[in-house]
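Number of protein chains: 2
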Amino acid sequence: MATMVDVAKIANVSISTVSHVLNGTRNVEPDTRRRVTDAIEKTGYRQDALARAMRRSRTDSIGLVVSDAGEPAFAEMAHGVEHAAAEQGLTLLLANSAEDADREQRAVRTLLDRRVDGLILARSAASTAGLVDSLAGEKAPVILLDRLYADLPFDQVGADNRDTARRLVAHLTAAGHRRSLIVAGDTRVPTLRERLDGILDGIRDAGLREEDQVILTGTDFGALRTEAASALADRDLTVVIGGSTPLATASLQAIADAGRSTPRDVAFATFDGYNHPDVFEPRITTVRQPAFDMGTAAVRLLIERIESPDSSPRTVRLRQTIELRDSTEHYRRDAEPVPASLT
Amino acid sequence: MATMVDVAKIANVSISTVSHVLNGTRNVEPDTRRRVTDAIEKTGYRQDALARAMRRSRTDSIGLVVSDAGEPAFAEMAHGVEHAAAEQGLTLLLANSAEDADREQRAVRTLLDRRVDGLILARSAASTAGLVDSLAGEKAPVILLDRLYADLPFDQVGADNRDTARRLVAHLTAAGHRRSLIVAGDTRVPTLRERLDGILDGIRDAGLREEDQVILTGTDFGALRTEAASALADRDLTVVIGGSTPLATASLQAIADAGRSTPRDVAFATFDGYNHPDVFEPRITTVRQPAFDMGTAAVRLLIERIESPDSSPRTVRLRQTIELRDSTEHYRRDAEPVPASLT
DNA sequence: CTGTTAGCGCCTTCAT
DNA sequence: ATGAAGGCGCTAACAG
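Chains as they are written, first to last, in numbering that gives the first Met the number 0: chain A, 0 to 342; chain B, 0 to 342.
Don't take every hint at face value.
Unchecked claim - Derived pair list, reagent style PhoX-like, types lysine-lysine, alpha-carbon separation capped at 20 Å: (1) B:K138 - A:K41; (2) A:K8 - A:K41; (3) B:K41 - B:K8; (4) B:K41 - A:K138.
No wet-lab data here; the hints were simulated from the structure.
Remember, predicted model here, so these are calculated numbers, not experimental data.
Produce the entire structure from the sequences given, and follow the hints as far as they go.
Given below as structure tokens:
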């Protein structure tokens, strides 16, 4: 592989001139520039990003640590990050945490050791004390994506989970639902906690009692499925709400286990949802995150943070949309009309 | 950030000793080693991967260039690559080609400039002359994943598309189907070409005529959907076969457009398919790639190639499985029994 | 407008 | 068993 020395020799200039034409970092006589570019052409020279990074002590790369959930919402976020990074000329280094705090730690370390200029933690288990500590001393800024923890000294990007959950429930109660099965999942996860809180807000708004709802929490999807199936023996539960894609899957399985089906004899709505809602049955009412935009927003915040490390941390929440479909709309057609303001 | 110099000073040794305890690359007195590890502990020293890579001229990282299809099969492959890389202590650098030859070129360049030790091109448009040329001179080996081109000087990992397609058609014809709508897509893509060829093999095996089948090719999914819908006016077409996930989506939409439904009045099967086949209707008979294993196989091949650059290129094809579901099994129950040997 | 030079942090002969 | 020193390829003062 050709180096700057080779180019300089052929062009009959110093390596510093080569560097400067390469980076456009100072004026050089058209004629000399010519000789240099010709030499570059001839040798097929390419800058060595490693050496450059070492000297400049910045790599023009950022890291993304993700839990490897195959959920569409997450894939979209990663995609948004990828897109925005490329647009900024940043290389993206990816590491996988598999929803495991330990692996997350190691992933973060790996990326930091590679001297990424900044780090985005998507769906992080960031609450673990260790992580925050280990990040404190680093100069590489960190952005939290999707799971937002209060009182952390990081920029954060998420969605307005609580508010949208409340709007969703307003719609459901307006349609006549009084008692619901809420498959809330692991409420230590901020996103899921916020969604549950918003649902409860909505319940209260409608003058309903929390005690009349069935709320299922926990981390074990198998157990949740079983519990949900038993709960559904109670035919007064007219609607099921899933807190995320895997929770929705467990819920749908439970509905089938209980010998019920949506929307025929129970309504159903979920957060995050599935791809191809137009091709498969049932068509599910879904709260959709602006996942791609969340990814790009994270990159934007990261870049701003790299440029001004000492401004105070910001939290951005993007607005979600409610996509109404058969699973709620074709249950109880006799209910009150749907307000048009909902999406 | 602490460097080896800091550590050496504190431990009262030379930096070369520090290097050697770090890498276990020569014996050092237990006592000195102790002092060094203590100093490392105290300073929170971490190796600078960049400087190390520069000196050793290897980065312990590999690159993965992918088309950003959100298809499950692809996500699985990427996941497999990620997993295997981590297991080998390799960092994974990811770049996205968005199914665009130009972007693919640039992605490859970016990764090569970062001096990855090797490169995996998944779902590559590698046929473009430029790419192959630009790769020829590089010392970083390249593995092609999923789309296999004959006569290319690279290791390649794919699936036994042709053979499995043939088995699938054997099953369908045994079940009584005589005329099919084959949504084959862009047959310049080797994977899709192989699948179509295998389907035609199967047609011939069954003593049927190719002229009685409707074969739709092309890159425009919208157009394919329209053509498929018109074709389905012919009620003698009793089965539709999709060549990939997006082709399946277009096919399913076309079936709906034509006022038909599967499996009620047309059978359906596809390659690659969708997630959550247990939760949604219709449940689709699917040829499934061992996508995860393909990813890990690519990493294995890459590592072997890095270690012995001059052995001749190998092509690995992994066996696919046929997952039989309602979309073919609940059409024409009166047909001949299904051979048990199929999956 | 161009050239010289000192490192960035590390690994690795070559001495001792 | 340990140290000294050169250099990987590049950028950024500093000179001229």
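Checked hints:
This hinted pair checks out: K138 (chain B) and K41 (chain A) have alpha carbons roughly 19 Å apart, not beyond 20 Å. Distance restraint check for K8 (chain A) and K41 (chain A): the Cα-Cα separation of roughly 12 Å lies within the 20 Å cut-off, and the hinted pair is therefore satisfied. Between K41 (chain B) and K8 (chain B) the alpha-carbon distance is near 12 Å, which keeps this suggested pair within the 20 Å criterion. For the given pair, K41 (chain B) sits about 19 Å from K138 (chain A) by alpha-carbon distance, which is consistent with the 20 Å threshold.
In this structure, every one of the numbered hints holds.
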